[in-house]
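If you're matching them up, the sequences are chains A and B in order.
Numbering that gives the first Met the number 0 numbers the first residue of the first sequence as 0 and each following residue consecutively.
Numbering that gives the first Met the number 0 numbers the first residue of the second sequence as 0 and each following residue consecutively.
Among the hints, erroneous ones may be present.
[Unchecked claim] Here are the simulated DSS-like pairs of lysine-lysine, each with C-alpha atoms no more than 27 Å apart in a straight line:
#1 A:Lys348 <-> B:Lys45
#2 A:Lys58 <-> B:Lys90
#3 A:Lys216 <-> B:Lys35
Hint data in this document are derived by calculation from the structure and do not stem from the laboratory.
Since the structure is predicted, the reported quantities are computational estimates derived from the model, not experimental observations.
Below, each chain spelled out in residue letters.
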Amino acid sequence: MKEIINLPVQSIEEEEYHINMGPQHPSTHGVLRLVVTLQGEIVKKLQPHCGYIHRGIEKMCEKDTFQQIIHLTDRMDYLSAHINNHAVCLLVEGALEVEVPERVKYIRTIVDELNRIASHQLWWCSFGMDLGGLTCFFYGLRDREHILDIFEESFGSRLLHSYYTPGGLMQDIHPNFQKRTRDFIKYFRRKIRDYDRILSGNVIFLNRSQGIGVMSKEIAINYGVSGPSGRASGWACDIRKKYPYALYDKVDFKEILRTDGDTYARYMVRLDEMRESMKIIEQLIDNIPEGDYTAKMKPIIRLPEGEYYQRVESARGELGVYCISDGNKNPVRMKFRTPSFVNLGVLDKISRNMKIADLVAIGASLDLVIPDIDR
Amino acid sequence: MDSEKLKEKISSLVPEAHLEENKQFPTFLIPPDKLKFLATQLKENKELDFDYLFCLSGVDWGTELGVVYHLNSTSLSHSLELKVKTENREKPEFDTVADLWKTAEFFEREVWDLFGIRFNGHPDLRRIFLEEDWVGYPMRKDYTDEVNIVEL
Chain A
0 MKEIINLPVQ SIEEEEYHIN MGPQHPSTHG VLRLVVTLQG EIVKKLQPHC GYIHRGIEKM
60 CEKDTFQQII HLTDRMDYLS AHINNHAVCL LVEGALEVEV PERVKYIRTI VDELNRIASH
120 QLWWCSFGMD LGGLTCFFYG LRDREHILDI FEESFGSRLL HSYYTPGGLM QDIHPNFQKR
180 TRDFIKYFRR KIRDYDRILS GNVIFLNRSQ GIGVMSKEIA INYGVSGPSG RASGWACDIR
240 KKYPYALYDK VDFKEILRTD GDTYARYMVR LDEMRESMKI IEQLIDNIPE GDYTAKMKPI
300 IRLPEGEYYQ RVESARGELG VYCISDGNKN PVRMKFRTPS FVNLGVLDKI SRNMKIADLV
360 AIGASLDLVI PDIDR
Chain B
0 MDSEKLKEKI SSLVPEAHLE ENKQFPTFLI PPDKLKFLAT QLKENKELDF DYLFCLSGVD
60 WGTELGVVYH LNSTSLSHSL ELKVKTENRE KPEFDTVADL WKTAEFFERE VWDLFGIRFN
120 GHPDLRRIFL EEDWVGYPMR KDYTDEVNIV EL
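Pulled out of the complex, with its shape left as it was, chain A reads as follows (with noise of 0.2 Å):
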């Protein structure tokens, strides 16, 4: 009894033990278990453990025509869907050097940006709410179901809508489409300054964020952390403007750059990308041209033998593409080199010595979509 008595509680403190966060935990949001070595409440190292809805994409995609991959893309990163399918329609407009009619580029820049806010928006309202903040999450899916209306309208569905097709479009746009987004812009610019008033003011909310999970330029670009993260980091790494692909050289946008690397950071940037989106579909909305909704394609695709490589900008960062083509129907090899996967990797490193709440919010920021992750 007197052992026990006399344990020296110094040492019980400085021990380390493991706990698992996940796959069931509300701040992963999906299936990601990380293994979290704690010493009392700090975190010193993370293990994440992968794969609980790998679905085996990339081989699938070796037994399937291009435009089924199509439909398997909308899979990895649902919130951005319409960005996946993008990237593998350059990638095959480009091998067949087929040039889409001016109509599709518009509608297909216009809807990856809506589909860009739309992430963003359930990215903030699940951000607040992981921070405490329930009521970002009504705000964020309240203004983002307006997106979901315009999608379901013009392309049948709300979350996986497999929209774009080699060549072109699966159909025209609905006649309502350009009314419905301009007011949509409209409703959602008056919208997103409460974003501000409820969150990017609040003390708790700073205090919370900002000095938590620093990541410096070097580390975004030694881990290949692209997208919003990346930018919040001082890395201008956004391929629409250093690769431009349907009409963003012809958009007038800024690539948001922040150099304090922080959690606060991260936010920032992407509350100002969703600005910028608006920015962009203004531009565009009131000038689509008339003309053909696709290119003239045969019912099948072959590449040419060779291989190719296309990076379009998810919500979430850099996506790519790289296929190996024998002059098949099927590509020998594709490869999806998927911002979540990569930005998981840094998750290690920029929250050791964090507070294990703090895990939390960095690993919100980063914008981590699993099925991304896995695919």
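Assemble the complex: chain A is given as a structure, and chain B must be docked to it using the hints.
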């Protein structure tokens, strides 16, 4: 650096490097034993300054297994593609580049998991998606699984 100069530079560093024509990026096939030397040069040499590994893919060409590296320099904005191949399907091995580009750590674990290619010197080479006791490497062309793969 433009692609002609880049090609000359790589050829002077590793004379055995084989240049592949008509590619999107300047593409070199490297002997596996020269990979580490060249990768270190690419990263450390300030003239080349390849600081961003934007894609690393395992590939099964049928008879050969290999890895394709896509590199980019954020300061000089030139890109490069490197390939290594081996015919050894029993125990394929390459040197790791995870110490140069940390992003390779996850990529290489994925390649080990799905293609069974070992990376010497990798800090933590475990399977990333599948269970540790999974038999075989599913992304290889000769992988068969009558239960889990449904052929239509």
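Hint numbers contradicted by this structure:
none
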